[in-house]
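2 protein chains.
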Amino acid sequence: MATREIITGAHVFTMEGEGVGYLADTAVVIEDDRIAAVGPEAELLARHPDHARIDGRGCALIPGLIDAHMHTPLAVLRGVAQDVAHWMQRALAPYTRHLDRAASLAGTRLNILEALRSGTTTFGDYTRPYPGWAETFVDAGVRAVLTPTINALPPGGMAGWRVGDLYPLDDGIGRRAIERAVAFCRDWDGAADGRISAMLGPQAADMVTREQLIEIRRIAEREDWLIHMHVAQGDREMEQLQQRYGVRTPAFLDDIGLLDERLLAVHLTEATEAEAEQMALTGTRMVLCSGSIGIIDGIVPPAHAFRRAGGPVALGSDQASGNNCSNLFNEMKLTALFNKIRHRDPTVMPAWEVLRMATLEGARALGLDDRVGRIHPGLQADLVLVDLAEPNLTPVLGDPVRNIVPNLVYAATGREVRQVWVAGRTVVAEGRVLTLDGESVVADAQAQALAVSRSVAADPDHRQMVLLEPMDSGRL
Amino acid sequence: MATREIITGAHVFTMEGEGVGYLADTAVVIEDDRIAAVGPEAELLARHPDHARIDGRGCALIPGLIDAHMHTPLAVLRGVAQDVAHWMQRALAPYTRHLDRAASLAGTRLNILEALRSGTTTFGDYTRPYPGWAETFVDAGVRAVLTPTINALPPGGMAGWRVGDLYPLDDGIGRRAIERAVAFCRDWDGAADGRISAMLGPQAADMVTREQLIEIRRIAEREDWLIHMHVAQGDREMEQLQQRYGVRTPAFLDDIGLLDERLLAVHLTEATEAEAEQMALTGTRMVLCSGSIGIIDGIVPPAHAFRRAGGPVALGSDQASGNNCSNLFNEMKLTALFNKIRHRDPTVMPAWEVLRMATLEGARALGLDDRVGRIHPGLQADLVLVDLAEPNLTPVLGDPVRNIVPNLVYAATGREVRQVWVAGRTVVAEGRVLTLDGESVVADAQAQALAVSRSVAADPDHRQMVLLEPMDSGRL
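In order, the protein sequence lines correspond to chains A and B. Per this note's numbering, the first sequence starts with residue 57, numbered consecutively. Per this note's numbering, the second sequence starts with residue 57, numbered consecutively.
Careful, some of the hints might be misleading.
Covered stretches of chain A, as calculated for chain B (at least 3 residues, CB under 8 Å) [stated by the list, open to error]: (1) 272 to 282; (2) 328 to 334; (3) 406 to 412; (4) 462 to 470; (5) 488 to 502.
Since the hints were made in silico from the structure, they are not lab data. This one's a predicted model, so the numbers in the text were calculated from it and none came from an experiment. Glycine included, every Cβ here is placed at the ideal spot set by N, Cα and C.
Please model the entire structure based on the sequences and the hints provided.
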């Protein structure tokens, strides 16, 4: 079933050069898992008369979108934890302690269905591994960067701890988590013809010991893996670090040698602009989760400062129990808008910049830019065809101002995606995901979520949940 | 064709009381243009055995969404003016000066198609009237509050003026605009069985004379109309007021007696929290256009302060050449997120508050709460049925925490809308708008937009457009 296709007629945004690399009258040739050619339409059609022709007229063709930080199992808990302070402890933890393997799997499938439908081709998933986790991405035909959580927290997660308490860290638990993570990475890094890669994932500087962080750094260097870690992700983490070490997270990480090009630092919620700039200058990569941090914390992280200092910033949807969706079109829009607001400047983070963050720059942050992120001969054929004839993307103008990229960023919902390829294989056609049975994925997620909710309702701990008050007063 | 329908099985959010007025096992009966009954499903089914039954299982039923401030013709210019400073003068004006009647009509139709598809049932449109403007809303079967623009600006609009220059105001032009607006309001207020109402619309305090504002206020009182006006809408307006009168806009309006319950004040972009509170205390109503002002100015207006002081705040999508979309789901989400960010507090503007702003509170701001905004017997049957089985709205949970309203606000795109009624008539079914021919609306908008763009390209004035630089450098 070798792919031999030629996409014609589309507005092609290659992401080559410093902008969006727009090309008209250009065809893109897919052969097997790769982009074989990008060039003048008439010439490529003549050269490949037997390739299946994909009519892209009235569409934009962009590189597959890269979601660099997700917690896919939590999609099964969409909508249970918004509009509250101390989100993790007071809203989410009572649910996550009842998240079993079946619910996690249902969540991952639901998240892939939602995100793939909206053009996400690379999934940077971060979770406590469960049997079948990696296989789910392989079977769905998507690209994934998988990071099994490493922490030294006792069983039961964060439920039961009061805000402000110093957590206990268990050395044995942390060590076993590192061993399991190393075994996972050895098994999966490079699997499925390179569609799957893996990273080491200490959950945060407050959730493993200092020695474990140093050990993880040593292993990452030896095995040439990246470290994917939440950094300065909230007042909770900063408080823990201050209590434990007397310093803020960036200074702590710098002190133990973790700030360099091997670190993929997620969030930087509580980091100052100066800290973000200093981190960027060390070569550290950043993931910005605009929607999630906006809802959870009401904060816009200092990604603009990080980028000005030269660091690559990827986008991430984080998790649906806080975000509440997993859709890179949503993240692009919120990222552009939130940063304009943070800087009170409409010229900050224009549309073309956030489209690059969702494609080429995301690939750079994940260390995948030799494979994806641009429409370039030799790279993997991860592509998204967006129908511009939808009412909310009409009109399409090219002169004197081309309006396609602003409309993709500010007007698209993700539902305008018509076709998606990953490694040359069509995984979404006519807006339908081909590699998952949508109805059964939705039905299973619903059933699993109800089961988790029943366990939460039966658990006396749920009475501390802050959303019980708005339930009682008719606000939910 | 009298409507006799009963909607069963849906999760009903009536907006009664102080919250969202959730009801399960509840049916809603529609007779002619009104909601005839809301009550226990078994009882209402028994009482109305011959009514057509609408199966709402797996759906949420909410009041029709109210977009209180729009400029629908500008939908035809979607995407031509983002990521720039001095948006109106440096990006939009070169286009709007070439917007003729055919392009305006195409824009209005496109905007109705897009917004109605996403559940907007009341359209608060504000524009320079063109022949057929009001009829377009009547024909589309939607509810509209129409405000013809009144200004005293010389022909050609704002193109050609340099940032910082004081505009000339032409007394005769302003007086004739008032006369035309009064005639329009007399013709249309209450038309189409009350589906159309009208307001007087001085464009802004810097665009008519002081005497004209006072005259408009006198007419509004006499005729019992509201005044719909941009207030403190940008640094441009504040600069003009300072130059002309030496005061800021709210103080100016207070001084001439315009701040009271007859004023629907749009934007308040540049107003302080103290000014917003003072305005709310006078009875003034506010429209918040989160998406538009976020893109155009990078600013979150002081709507939270306005509401805390007791003033009603409606939502508005403004215009697609800046926003770039016209979708109340988008506005609800951005409003909740932007205000959390402005106040760095995730508890600010929870989901239920913005759902009220898009329904009941919007109706109050427009003076329509005796007709729409709630699901209540005797009110107009403006209703939206949203399919919750879409992947991005899955799961649906009710206990111990109901997640439907947070997911409608934070996860929905608007594309999950299945059916829409306006005044008892189904205008959207199975996600398709029934009252407009979608394909021809899109094709006409595309053709008209290309014609406008050709005129812009042929106009030497277009060379000052700030987006020509990103065009040249490959960023668009």
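Provide an ascending list of the numbers of those earlier hints which the structure does not satisfy. Hints 1 and 2 are the ones this structure does not satisfy, whereas the remaining hints hold.
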